[in-house]
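S.K.: Next come the chains, spelled out residue by residue.
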Amino acid sequence: MSAPLTAWLEGVGVLGPGLRDWPSASAVLAGRVPYAASPTSIPALECLPPAERRRTGKVVRLALAVGLEATARASSERAVLPAVFSSSGGDGENCHEICQVLASPERQISPTRFHNSVHNASSGYWGIATGATAASNALCAYDASFAAGLLEALVQARIDETAVLLIAYDSDYPQPLRSARPIPDAFGVALLLTPAARQQSLARLTVRLCATPAERLAEAELEALRAQIPAARSLPLLRRLARSEAGAVMIEYRESQSLGIEVSPCH
Amino acid sequence: MKPLALSAFTASSCLGRGLDPTLAALEAGLTGLKPCTFETVTLETFVGEVAGVDDERLPAGFEEFECRNNRLARLGLRQDGFDEAVRSAAARLGPERIGVWLGTSTSGILDTELAYRRREPGTGALPEDFRYRGAHNTFSVAAFVQRALGLEGPAAVISSACSSSAKVFASARRAIEAGLVDAAVVGGVDSLCLTTLYGFHSLQLVARKPCRPFDVERDGLSIGEAAAFALIEPPQPNDTAQDVLLLGTGESSDAWHMSAPHPEGRGASAAMREALAAARLDAAQIDYINFHGTGTASNDAAEARAVAAVLGTAVPGSSTKGATGHTLGAAGALEAVICALALRHGLMPAGVNTRSLDPALPVSYVRESRRARLDAVMSNSFGFGGSNCSLVLGKAG
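If you read the protein sequences in the order shown, they are chains A and B.
The letter at position 74 of the first sequence is residue 74 when you use our numbering, and the numbering goes up by one with no holes.
Here our numbering runs 1000 ahead of the position in the second sequence, where the first position is 1.
Next up, chain A with everything else stripped away, as it sits in the complex:
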């Protein structure tokens, strides 16, 4: 087992089916409000110049929306904040459109589609939207993409002694890729992490790799989201944060490994 990694959580952003932001999601996860399923509703982006806004697909809007929510109280820091983007599939709709055109006789793919096809497209648009010039990463670890992104962000916060913004997000593919990778809808989560406690800190997170199996959620609909959308593997952590309960939570990492996260609320 490796030494634990510690960071303080200062902001949360969430967007998913029936979960429109962190305040409403935490009311559901804390059990104060019943979960009501509805398709993920992704807001329009006001933060990008109109020309760039037209070029973005829903996956980019999803990633930026949760990133903006998590940094809402630290907006002056956005331009200097390193970021870790992590996604299993990136922009599946864009990928489908390109593959479709490449299978046609013309093969004339659009320049915008091509530059949007890079896995770090959300990172690029985030920089354009917020002026963030610090390091920005773009990870993929299939179903473990949330846990891999969290590890990356925690390591970076500690070693580079900096606040780090983690943005994990995934969206559904159109057919025929949907049959091969049946992600039902879009889900994004963002965590603003700092290497030391600050006035606004919500909780201390201490993370280690564990052999204990990942936690499931008792509520069938939320458990279905957790199991089907890689970024929603974060839900057991979000539930504990919503309930402001101290204690450990197990997040899925790989087949035989979980991330054990010790949560200590700050108030």
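None of these hints come from the bench; they were simulated from the model.
Do not rely on the hints blindly, as some may be mistaken.
[Claimed, not checked] Below, a sample of chain A positions facing chain B; criterion: calculated Cβ distance under 10 Å: (1) 47; (2) 85; (3) 100; (4) 109; (5) 118; (6) 142; (7) 175; (8) 194.
[What the hints assert, rightly or not] Pulled a few chain A residues facing chain B out of the computed Cβ check, cut under 8 Å: (9) 99; (10) 121; (11) 134; (12) 156.
Yeah, the Cβ is synthetic: ideal placement off N, Cα and C, and Gly gets one too.
Let chain A serve as the given structure and place chain B on it in line with the hints.
M.R.: Chain B alone, transformed into the frame defined by chain A:
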């Protein structure tokens, strides 16, 4: 940062399989670029194709990973005893103590592109042999390499376009410093596919002839493919085989444009400065720089300005993309390995194909490969989305 040793490294590209043919081609100033005959591509361009990728067979039990990208990864792992070096490190440190960070831009997308041609006419369904997890998904190359090497530590793919496999060095060095792992396999694997060939063509960034970085008549890039790997870990005292060190990494974002660099190379300068600071070196201590040098008008102009601002105009430099093509998500690792060879053999590799250096670019371009004592070198990698990474490598001892 604390320096890390490159205990083992290897690269396969259109210059050849493994270090020996790569070094020989760099010494002789040869290019591996040839007219494009890849798949059914009808574009008038040159590509850097690795010979025999499709003759490579994955081991039994690895059928779920079948795709050109993983065949190229397997071909690369088998060169220079790299796989054996990793296995012996795993025996020494424990397989769970070695992480895997690999860069790729397009993973096994070629196989998806071909599967789309074979969709069921009525339903549009993909053929039954389509593999999402082991081939299409961006993580597939790290999953394949991790399993092929018998490793059990943390693993991730970094996919930040053409900076991907430079950034893996930065992520791995942080993970080692944090004690998450004791060593890491880092590298990049990217293979030819229609998305990048037709995509760069749509942006009018593909040269018709072999690319000519920093040339006054440069007109775009040539796409290549490569698999390059390094095993990095804290240096062992008195291990003379560990002759090359990773000294510094620097990362930044342009926050400017999705597919064009900041014209003054703002992000590039920031990444180079951070890498120098991490290495605790002055600009004057960099003996050679391997430019990102794609051969597009805008990249080379922005990079030249950034290098002049950070390192001055006298540092010898070259882009080896005239020899290898732009191997995209594998370029950072390929060029880090070329820098490691340069340090080991005291070789400044020439930028081939460049005939008339652009007088507007304030750089000291290496036109012919030459011997020189090299103690510290820099490698630049910049990608779409304004993702920049610079590495500093040095000679041990």
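S.K.: Next, verify each hint and record whether it holds.
M.R.: Results of checking the hints against the structure:
no., hint, in the structure
1, 47, "violated (12 Å)"
2, 85, "holds (9 Å)"
3, 100, "holds (6 Å)"
4, 109, "holds (5 Å)"
5, 118, "holds (4 Å)"
6, 142, "holds (4 Å)"
7, 175, "holds (6 Å)"
8, 194, "violated (16 Å)"
9, 99, "holds (4 Å)"
10, 121, "holds (6 Å)"
11, 134, "holds (7 Å)"
12, 156, "holds (6 Å)"
Going down the numbered hints, you'll see the structure goes against 1 and 8, while the others check out.
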